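For the record, in the sequence shown the residue sitting at position 56 is 56 according to UniProt numbering, with numbers rising by one throughout.
Since the hints were made in silico from the structure, they are not lab data. Treat the numbers as computed from the prediction; the structure is a model and nothing was measured. Beta carbons: idealized from backbone N, C-alpha and C, even for Gly. Mixed in with the good hints, there may be bad ones.
[As the list claims (entries may be wrong)] Heads up, simulated DSS-like pairs for lysine-lysine below, C-alpha to C-alpha not over 30 Å straight-line:
no., residue 1, residue 2
1, K31, K19
2, K31, K47
3, K61, K31
4, K47, K61
[Stated by the list, open to error] Restraint-style ranges between C-beta atoms, simulated for each label pair:
no., residue 1, residue 2, range
5, D140, D72, 49 to 55 Å
6, G135, G41, 55 to 61 Å
7, K129, G80, 45 to 51 Å
8, D72, V40, 18 to 24 Å
9, A172, A126, 23 to 29 Å
10, L73, D7, 19 to 25 Å
11, V40, T79, 24 to 30 Å
12, R91, G135, 21 to 27 Å
13, A147, D6, 50 to 56 Å
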Amino acid sequence: SFITLDDSFSTGSSIMPQKKNPDIAELARGKAGRIVGDLVGLLATLKALPLAYNRDLQEDKEPVFDQVDSLDLVLPAFTGMMATLVFHTDRMAELAPQGFSLATDIADHLVRRGVPFRSAHEISGACVKVAESQGKELWDLTDEELASISEHLDGSVRSVLSVEGSIASRDAKGGTAPSRVAEQEDAASATIAALRGFTRDR
1 SFITLDDSFS TGSSIMPQKK NPDIAELARG KAGRIVGDLV GLLATLKALP LAYNRDLQED
61 KEPVFDQVDS LDLVLPAFTG MMATLVFHTD RMAELAPQGF SLATDIADHL VRRGVPFRSA
121 HEISGACVKV AESQGKELWD LTDEELASIS EHLDGSVRSV LSVEGSIASR DAKGGTAPSR
181 VAEQEDAASA TIAALRGFTR DR
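Required output: the full structure, derived from the provided sequences and hints.
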């Protein structure tokens, strides 16, 4: 498995003794549906209202209070679950590149070098076919094998034939490159700080 839930946030299966049921995650998922339902109901109440106060707004209290009560229950439990969650990153790293999952990176690499996507897609598929026929992974293809597949393939493609290279190559805003993830983390931290200020003031 990729993660292990702490026993305090899960229960055992009534049939399979080795199985853990992710109780908090499932309950949070159910509560999310309820909270979205409250939002939809509130938006329907507000739809097409003229400006200023209308008697319709007597109906806004129930969904708002229900959302707050639901979040007061869910957030502490979910926070505890996440704080005690164990991620098996070595296992993730081992399996991430398997099954030719980096084939798309070959196509993207070629497109960045000016190859039309249709051609890049065909070349990427040919790489998979050759590797599959020889029972090896994409990164095990030799320079000669790559060159025989397409003149557009050279040693530079190896820069994306690893999980780290694949991640680093996506350097657009919102991408997976470490610098872009850091930007997103900073933005999320600022948002969280603002929300914490709101909850402290309640």
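Satisfaction of the hinted span 24 to 30 Å by the C-beta atoms belonging to V40 and T79: holds, 26 Å
21 to 27 Å as the expected CB spacing between G135 and R91, which holds or is violated: holds, 23 Å
Outcome for the supplied range 50 to 56 Å, where the beta carbon pair is A147 and D6: holds, 51 Å
Range agreement (Cβ of D72 with Cβ of D140, hint 49 to 55 Å): holds, 53 Å
Outcome for the supplied range 55 to 61 Å, where the beta carbon pair is G135 and G41: Once the Cβ atoms are compared, 57 Å apart, the range 55 to 61 Å for G41 and G135 holds.
Cβ distance range 23 to 29 Å for A172 and A126, holds or violated: holds, 27 Å
Restraint status (C-alpha distance of K61 to K31 at most 30 Å): holds, 18 Å
Pairwise hint evaluation, K19 against K31, where the allowed Cα distance is 30 Å at most: Distance ~23 Å between K31 and K19 Cα, so the pair holds.
Hint consistency between K47 and K61 [alpha-carbon to alpha-carbon, up to 30 Å]: Distance of about 16 Å is within 30 Å: holds.
Outcome of range test on Cβ distance (D72, V40; 18 to 24 Å): With a Cβ separation near 21 Å, D72 and V40 satisfy 18 to 24 Å, so the hint holds.
Holds or violated: K31 to K47, with C-alpha atoms at most 30 Å apart: holds, 24 Å
Satisfaction of the hinted span 19 to 25 Å by the C-beta atoms belonging to L73 and D7: Holds, at about 21 Å.
In the structure shown, no violation is registered for any of the earlier numbered hints.
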